[in-house]
Structure formats: C-alpha cells, structure tokens
Amino acid sequence: MATQYNIPVGAQHIALLEPLHFKFTTENEKIMKAEANVGYVHRGIEQACCSKFKFRQVSFVVGRVCGLCSISHTTCYSQVAEKLMQLDISKKAKYLRMLVIELDRIHSHLLCLSHVAENSGFEALFMKTMAYREFSMELLEAVCGNRIQYDFSIVGGVTRDLRPDVAKMVLEKLKIFKPQLDELVDIYSNNYTLGLKNKGVGVIAKDDVYRLSAVGPFARAAGIPIDVRNETEDTLPWKEAGFEVVTETTGDVYARNLVRLKELYVSMRIIENVINGLPEGDLAVDFKGFPSGEAINRLEAPRGELFYYAKGNKTQILERLKIKAPTFSNVAAMVHGFHDNEYASAPAIIGSYDPCLSCTSR
Amino acid sequence: MKSFFDAIGNLFKKPVTTEFPVQQTYIPDDYRGLIVFEESLCIWCRKCEMACPPGAIVFSQDIETGKQEYHYSPYVCIYCKECVRACPAPGALLQSSEPGHPGLKEENLNNGWNKLFDESLESRAAYAAEKKRKQAEQKAATDKAKAEAAAEAAKQNPEQPIE
Amino acid sequence: MNRITTVQVCDATKLIYIQKLITKTKIMTRIETSFETLKNDVAAFYKMDKHHFITMNGVDLGNDEIEYQWFFCDYEYPCAETMFVAKANANVMVPSIREVVEPAWVAEAELSDLMGVEIENADKGFMLDVDSDEAPLRKKKK
Chain D
1 MATQYNIPVG AQHIALLEPL HFKFTTENEK IMKAEANVGY VHRGIEQACC
51 SKFKFRQVSF VVGRVCGLCS ISHTTCYSQV AEKLMQLDIS KKAKYLRMLV
101 IELDRIHSHL LCLSHVAENS GFEALFMKTM AYREFSMELL EAVCGNRIQY
151 DFSIVGGVTR DLRPDVAKMV LEKLKIFKPQ LDELVDIYSN NYTLGLKNKG
201 VGVIAKDDVY RLSAVGPFAR AAGIPIDVRN ETEDTLPWKE AGFEVVTETT
251 GDVYARNLVR LKELYVSMRI IENVINGLPE GDLAVDFKGF PSGEAINRLE
301 APRGELFYYA KGNKTQILER LKIKAPTFSN VAAMVHGFHD NEYASAPAII
351 GSYDPCLSCT SR
Chain H
1001 MKSFFDAIGN LFKKPVTTEF PVQQTYIPDD YRGLIVFEES LCIWCRKCEM
1051 ACPPGAIVFS QDIETGKQEY HYSPYVCIYC KECVRACPAP GALLQSSEPG
1101 HPGLKEENLN NGWNKLFDES LESRAAYAAE KKRKQAEQKA ATDKAKAEAA
1151 AEAAKQNPEQ PIE
Chain R
2001 MNRITTVQVC DATKLIYIQK LITKTKIMTR IETSFETLKN DVAAFYKMDK
2051 HHFITMNGVD LGNDEIEYQW FFCDYEYPCA ETMFVAKANA NVMVPSIREV
2101 VEPAWVAEAE LSDLMGVEIE NADKGFMLDV DSDEAPLRKK KK
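Chains as they are written, first to last, in my numbering: chain D, 1 to 362; chain H, 1001 to 1163; chain R, 2001 to 2142.
Hints should not be assumed to be uniformly reliable.
Below 27 Å or equal to it, Euclidean Cα-Cα: the simulated DSS-like pairs (lysine-lysine) are [claimed, not checked]:
no., chain 1, residue 1, chain 2, residue 2
1, H, K1014, D, K175
2, D, K54, R, K2047
3, D, K92, D, K33
4, H, K1146, D, K288
5, H, K1146, H, K1132
6, D, K54, D, K288
7, D, K52, H, K1047
8, H, K1014, D, K173
9, R, K2050, R, K2124
10, R, K2087, D, K92
11, D, K54, H, K1115
12, D, K92, D, K173
13, D, K322, R, K2087
14, H, K1067, H, K1081
15, D, K128, H, K1146
16, D, K178, H, K1002
17, H, K1081, D, K92
18, D, K175, D, K33
19, D, K54, D, K314
20, H, K1144, D, K168
21, H, K1134, H, K1144
22, R, K2124, R, K2139
23, D, K197, H, K1002
24, D, K30, D, K92
25, H, K1134, H, K1155
26, R, K2140, D, K311
27, D, K288, R, K2140
28, D, K314, R, K2140
29, D, K173, D, K91
30, D, K54, R, K2140
31, H, K1081, H, K1115
32, R, K2139, D, K311
33, D, K206, R, K2047
34, H, K1131, H, K1146
35, D, K288, H, K1081
36, H, K1134, D, K52
37, D, K33, R, K2124
38, D, K92, D, K288
Because the hints were derived from the structure by calculation, they are not lab data.
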C-alpha cells in the first residue's frame, strides 16, 4: 500500500493564468482525487448593480467583470434589458455586435492556445502565437476605440459606427492572417513532442460531459454539438452570417486545441460576410420608461454559455441581477478531469480548460 | 524534422518586435480621449451628471447668485461618451482624441475629488434651501401687505353712508 | 419578440405532457413547486442526455422570504428553458438536488454563502472568506 501525499497547486502559481486553488491527493505520482476552491477575486458586482447603479449604467459596470470576454457580458446584459423593456433594435446594430463578438473570439482563443503550448514546455510556439495575435488587438482598437474594455453595446444598440477605411483594414489584415493560421494548425496537429504531452491526457468522455453538464469547447471536443449560436435566432442572426458547429471526438487536450483552431476559420468567415453585407440603419434606439417583470438570456462567450437573469420593479434600479459564467458550469467537470493522470501534466490540463476566474467569482 | 529546419531558418530572419519609442505603434485617429466642455452652449440641465456611470462630472452652485460651475475629473472618467449622448444641446460636450495623463501625488486625486463631490452636492442643497426661504419670506411679506390693505379698506367702509 | 411566454404547471405528470407540446417553438416554462415535492419533480423531469443544468438562483422578497429558482435547458432544437420556482422562509433548510443532478453542488455552495441560508450538505467558505460581510445579497433592515 503506497503512501498518499496531498499537494496544493495554490492560488499563486507560475503555471496558472488566474488565481485558482486545487488540492491533489497523489499516489506514486498519479492523481487520485482533486478539490477546488474559487472565490479569490470576489468583488460583489451583483450587489453593486442592484443598489448603486441605474439600469442604463449597469452595462458599463458589467463589462468590467472580465477582461477577455468583456463584449459578451455587455451584449448579454443589453439583450436582457431590451427584453424587459420590450424594445426592437435595428439590423445594423445586430450585425455590428456580431462583428465585435467574433473579433474578440479570435484574440481569446489564440491566448488560450499559447498558454497551453507554454505549459507543455514549447516556449517558442508560445511566442509565435502571441506574435500572430497582435493584429486582432489593433483591429479592435480601430473598431471600438480601446484594446481591452470595449464599452460597445448599450441598452438599445451600439455606440460607434464602422468607417469604410476601417472595414478595408479589417479585410486586408485577415488576408495576411490566413496562411499564418494554416501554419499554426500544422504545428499543433503534427508536431511529435507536443503530441506526446497532449494526446490522451486529461480525457473527458461523452458520458461524463452529459453527467456533469459541461459547456463550451470542453463539450464540443468530446463530440456533443452544443453551442448557443446553433439555436433559434431570437436575438442575433448567426446562421445567416455563415455559422457552423465544430466538433472533435477524443476529448483530450489535443482535441480541445483543434476545436479552438478550427473555430477561428468559422469566425473569419463570419467577419467577412458581415462586412460585405452590412445593412443601413440607426445605431441606437431612443426609449423612455422603466423595466418591470423578469427575463433571461444566453450567449456564447469564447469559453462557453453565459447566462443572465434580471428582474425589475418599475424604478431606475434593478431588483435582482444574476450572472452565471461558463467556467462556473465547468468546475465540476474540471475536478473530474484530473483523475488518473500524471502529476507532471497538471499544468497543461489546467491551461486547456481555459479558466476565467474573474467571471466565476464576480 | 521540419521544425528543426524552421528553427535554423529563423536565425537569419528579422525580429518581430517594434522598437518603441523609436518606432511608433498604431494609433487610430478616433481614439477615445478626454471630454471637452463649451460653457457658452451649456443650458445647465445637469443630464450629463445623472448619466455618468462612475460620477466624474459634478455641478456646484453659488449660494448668492445661483450660477452653476462645471467640475470634471479626468482620473475617474472611463471615456465611455455617455455624457455626450445624453446632452440635449449639441456642441456643449465633445470627446477629443487626447489620451489621459498619469496623475501626480500632489494633486490629491481620490480624497480631493470625493471632498469636492460632497461639497458640490451640499452647495446645491444649500442654494435650494436658501431660495425656498427667500420665497417663503416674500410670500409672507406680500400676504402681510394684502392683509393691511384689506384692513384699511374695511376701516374706511363704515364711514360711507349705507344705502 | 413575443415568442417567450410563461406557462404555469403544478403537477409532475402534467409537466411532461406540456413539454412535448411546446418543444416546437421556444417557450420558457415556469413550474411552481415546493420543498416537499422538489426532489420528485426534478427526478421526473431531468434526463441526463436531454437537458443540462444551468444554475440555481435566489431572490430576496423582503420580510425574510426568499424565492428559489432552478434553471434547466434542452439540448434538442429549439433549446427551450425550464424554471422551477419555490418560495420559503429564510430559516428553513433547502433540500439539495445533488443525487439527481450531480453538478449542482457548485451552485448550492455559492448560494448558501452569498444569501446566508442553509442548504443540505453544502460546503461553507467556497466563495467568501472568513472575515467578509455576512450574507451580502440579503436586503438590509433599516
């Protein structure tokens, strides 16, 4: 009977992106059990939105929950508020929202892929992916005015228009990026030493995804085609702009890398269709009145499904706002995925989960 | 094997870094910058103060004359442009492309701005209370004058012959 | 915009019949239940490969009364949402649906910390530290 050791991978660790605490129980370097603790970045945003800020200002507060998926939070809140007030926004505003959501997805997926490469030991690939990611930050600065906090969606529409010279710049830079993306797909799928660290590691099978309700690229890498963009087109016309679901079958770290890379091709196609077919219309709608009743809304952030619930009581301040981030749904599956793996591959597995703790413990 | 030849080829290529500040990075010309105020076009409705999410604009009022004064903190501002959209007078508030400057310790940013904010709200409440008091005084004075005039008229009335 | 309406049901057998009728258009179903029948209702409704559990929520209605909500969503097109609602006093212990729906332990741990209520077998200290404010989401008495 071998002795069991408890090893903490603490809140501060050189391999972690975000402050997340795991406690592993290991026996002969294989992980038997894991426990998680989140809540290091809890700032009380839900309580602030229901006591201090008016409902039109909440979209700016909520955009600061997370730095990587800021546009997903503002757009999801704007849609919930529009459902409470029963507003219809113009088609041009919907297309512009889709454009910025897809540009944001490109920069977020490239960041996650570079961290997986770094945690697997391949530091040169980390640098190369980050160098290829820089063009998307320049495009976001040209479209929205800022590199990280966009403040782009408000209740009733969007804030800035797309100028023709900016549209031309977007199309030119995407043309330069496409052969670079082909090169990255080649390296991530065919490199021998990277494959040794990534294939068969951190496996989550299809039954486990159904049992543990995982969302996002996690579930798509195991073969289940769940994606909020694949549903009815109540709020944003994704299928009209050329969206398709991407799935893989094996469910390990290698499959998650490939799912994220192939989604970038779909994103590039959506951006080109949106720019070439942008309709005419207003940017934002004027409205009066206060929200009342309750409503829910879901949206596909780069990490999975984002969920908002709002309740109004006919005053300027909302009664209750509930935010559920995609990493929050994945915590149960994350704890299960470490089972029966070597302790030395724990950093690569954590990198491929793409945890965003600012969203989880808001 | 291919990555081995790629690695040797990379020794002879130009590095990817931009040599900042010798070589400038990309700056768009409609960058979101500081807010500019035109006093001559303002109608003093205070809608920008109600719309600002972090509370970076505040108006204070003089207790004697009732004239309002505009205060803006570029360190609390998030450059979201809500005040420009809420303003009903076109041209009074504009957003420039000048980026914000870093703050210095001598300017007493946090505590100084909080104190100014509270004092401005108090000055407006004090002016409103003073105006109400003056109106109540005036009303009391006019009531008294009316009562005296009615008393005079009543006194003169019994001297007239009754028909 | 009016494709989202709510339907009230209060019986487990009626619930399964109405699910079949309405999965053609996207309608959110709101089902009123109580603490005694909660586990049976959820067990009758939830199938692992047809629905996924979104989250659990609580709304403070004032006077120490709290409304609890459980959200589920279909996998099949058009992916309609379902909501279970139960009202109770803040001092009553909430039953846990962990045996039926396994990933619910995360949401229950968060809600018991933030609302200051007792939930069966929930972990304490998952979201808040020892020295933070107690129950920040409840309305403060003046």
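query: Against the structure shown, which of the earlier numbered hints fail to hold, in ascending order?
result: 2, 3, 4, 9, 10, 15, 18, 20, 24, 25, 27, 36
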